[in-house]
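> Sequences and hints are given; from them, build the entire structure.
Chains as they are written, first to last, in our numbering: chain A, 1 to 298; chain B, 1 to 335; chain C, 1 to 130.
One or more of the hints may lead you astray.
What follows is a list of derived Cβ distance ranges for each label pair [stated by the list, open to error]:
1) C:D110 <-> A:D161: 34 to 40 Å
2) C:D7 <-> A:G71: 31 to 37 Å
3) C:D110 <-> A:L189: 33 to 39 Å
4) A:L163 <-> C:S10: 18 to 24 Å
5) B:R185 <-> A:A94: 26 to 32 Å
If you are wondering where the hints come from, they were derived from the structure by calculation, not from laboratory data. Backbone N, C-alpha and C define an ideal beta-carbon position, used for all residues, glycine too.
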Amino acid sequence: MTSALTARGLTKRYGRRTALDDCTLDIPTGRVVALVGPNGAGKSTLLGLAAGLLRPTSGEIEVLGDAPGAGPDQLARVGFVAQDAPTYANLTVADHLELGRRLNPRWDAKAAERRIADLGLDTGQKAGRLSGGQRAQLALTLALAKRPELLLLDEPAASLDPLARHEFLQGLMAHVVDHEASVVLSSHLVSDLERVCDHLVVLTGSRVQVATDIDEATGTHYRLTGDARDLDDLPPGAELVHATDNGRHRTVVVRSALPVVADRVQVEQLGLEDLVLTYMARAATPALRTVASPEATR
Amino acid sequence: MSWLAWRLFRAQGYLTLLLLACFGVLVALTGPHLADLYSRSGAAACTGDRCSELAQSFLNGAKAGLTGAVYTVGMLAVLGFPILAGVFWGAPLVSRELEAGTHRVAWTQSVTRTRWLLPRLGVVLGAAAVTAALVSFALTWWASPIDSTQGGRLQPGVYLARGIVPVGYALLAVALGVLLGAVLRRTVPAMATTFAGVAALMLTFSLWLRPHLLPPAHANVPLDLSNIQTFAETDGGHMEVVANFAQKGALVLSNRTLTPQGKLFVGPADPTQCSRDLPGQRCMDWVSSLGLRQDVTYQPASRFWAFQLIETGILVAIAAAAVALCVWWVRRRIS
Amino acid sequence: MIQFHLDSASGVAPYLQIVQQVRHALRLGLLREGDQLPTVREVVSTVTINPNTVHKAYRELEYAGLVTPRPGLGTFVTGSLTGDVPAASYVRLRADLVRWIEDAQRAGLDDESVEALVHGTLREHLRVEP
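Here it is as structure tokens:
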């Protein structure tokens with residue numbers, strides 16, 4: 001099994017609204033994937049399709065080599081936590097653990113109880129009375145104790161305070177080590193993701209913009225700043241990602257397999273956060289001049 | 001999964017058990033008293049002319065005071081239970097999960113949607129059937145003196161609150177409720193449409209379908225004017241004369257007064273016998289001399305259990321179809 | 001056992017930070033030949049970091065000839081960066097440095113000026129960014 005998630009031409013439409021458009025992805029196992037993009041870009045849709053909660057309008061998706069939700073065995077290998085971490089309001093924390101135990105053959109009861117105790121949750125408390133952060137932790141416990149090979153987490157840390165977020169990510173990393181699991185994690189907080197993720201998928205406007213290992217992404221994206229005239233021609237082999245003009249001053253972000261060296265302009269490699277911001281800025285301003293060097297179009 | 005199915009139903013289950021127990025106590029306490037009233041009234045063993053008076057006086061006594069209250073409560077409970085079960089147990093089953101988003105938890109454990117749905121359906125359908133059966137049989141037993149006296153168990157208001165038909169409606173209401181909840185995805189609209197749907201079904205069966213579930217019986221007898229239902233004359237001499245059908249408890253489908261030649265009797269009234277200035281008895285005597293016949297199509301009271309079985313069978317079949325459709329819908333159409 | 005820490009704001013890739021911290025410890029004699037590096041599991045439980053990052057850092061150290069993995073046992077230090085410089089020299093130089101800093105402070109330099117002076121001089125004299 002070498003692929004955690006494979007998508008080919010994956011499209012999901014709701015009536016006239018397109019949530020995901022012709023997405024092709026191949027995410028290897030053993031990766032912790034950062035799924036980033038603005039609201040409404042299709043992150044939740046992609047995760048929902050991978051979890052078997054949604055059915056594609058066209059195209060295909062395979063998770064751990066099988067169709068999502070194909071049967072109890074496949075369901076047991078995938079853990080999912082939806083946005084806002086839904087829980088049964090009238091069931092207690094203990095009830096939720098019992099639910100996990102009864103519905104999952106690979107349930108690790110001791111680990112679940114230990115995690116709940118470490119988090120300081122009262123097992124007799126109804127889930128509806130927990131805070132948003134506590135509910136998120138409960139939902140995460142359910143997903144982790146199931147011992148899945150692949151975890152799909154939709155903004156799991158959104159309602160957690162910084163310390164809780166840190167502890168959650170730590171618990172997640174421990175799980176990854178102990179179970180050699182893969183993770184797809186959607187989040188707005190890119191700074192967290194850099195420590196924890198090693199693969200990046202950027203979704204904007206329902207389309208996949210970037211899908212590669214983070215090292216490769218940060219190693220191939222460069223920012224060039226300088227006089228607009230010096231930047232009319234891009235370095236050979238460089239592909240324009242986004243350009244912004246400020247009077248005569250221009251900032252250009254390019255993607256290039258070859259190292260970029262240029263005189264008269266400042267060249268820097270992009271960090272993960274800036275890289276993501278660039279793609280999101282590009283999605284927000286669709287009308288941009290695409291200037292490419294003659295060599296690049298060869 | 002059966003643990004979760006029961007756990008999510010637990011509160012409603014306990015409440016229902018409590019209400020059942022209360023009802024059971026009421027029925028057990030007042031049942032013997034009612035039977036006693038019945039035997040003392042003499043209406044049971046009665047043959048002859050005074051029977052209807054005795055019957056009426058017994059019924060008046062039975063429908064007053066505590067027994068009257070228990071009868072009302074029982075009728076409401078048995079008539080209303082199927083609708084309540086459909087609205088409160090059926091409609092929210094899937095729709096509440098969809099509204100709260102908990103289906104994203106339920107369907108991403110290690111069980112398929114079908115394995116999740118069937119036990120949950122089993123719990124609510126089973127609870128509905130058992131509750132309906134218990135309440136209905138309790139009331140049927142308790143009200144047997146009243147039913148014997150009134151004779152009419154085929155009348156819709158009574159029929160729907162006796163025997164096994166409430167079980168059929170309860171199963172159908174719950175199945176329909178779950179299906180509507182899955183299709184509409186919102187609890188309140190599902191509850192409203194379930195309510196309307198079940199009520200409409202009960203009405204449809206009572207008004208149009210039930211009388212034809214078995215081929216009706218026919219009677220053609222001499223018109224007996226001692227038991228008149230309608231005796232009217234309009235200005236143009238047009239007459240309408242209809243007598244009550246003598247058979248106790250029958251469900252009358254049509255009741256026509258025919259001339260000896262077999263045509264519908266509409267008059268005209270003989271002005272020498274029937275007019276404003278003459279005594280009414282004279283007109284009546286004239287009509288009885290005409291040799292009119294009463295032509296009735298009806299369902300005899302003895303067919304009560306036959307109807308119950310047929311109707312319940314149909315309801316269970318529809319419920320099964322609703323369940324199958326619901327499972328298919330949840331598996332394939334909720335995405 | 002050496003404890004790692006990650007600085008998200010430094011702009012340096014996480015795996016490089018680990019490599020640098022091991023090299024730094026080796027230089028200062030805090031890590032010696034035969035010492036065991038923390039297991040990936042131990043690192044992950046103290047620092048929120050992707051386990052692959054730790055693997056990558058340890059691999060890089062292995063290619064540099066500084067550590068060796070022993071299957072089933074862990075990763076052990078097998079090289080050194082102190083070279084032929086005896087540990088005593090490090091102690092003496094460090095003490096000299098502390099004296100110089102105190103001297104600079106007595107002369108009236110504030111902390112920022114001390115740092116700027118040190119960095120500027122380092123940049124001029126060495127080809128290594130501190």
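> Which hints from the list above does the structure break, by number from lowest to highest?
Violated hint (a single one): 2; every other hint is consistent with the structure.
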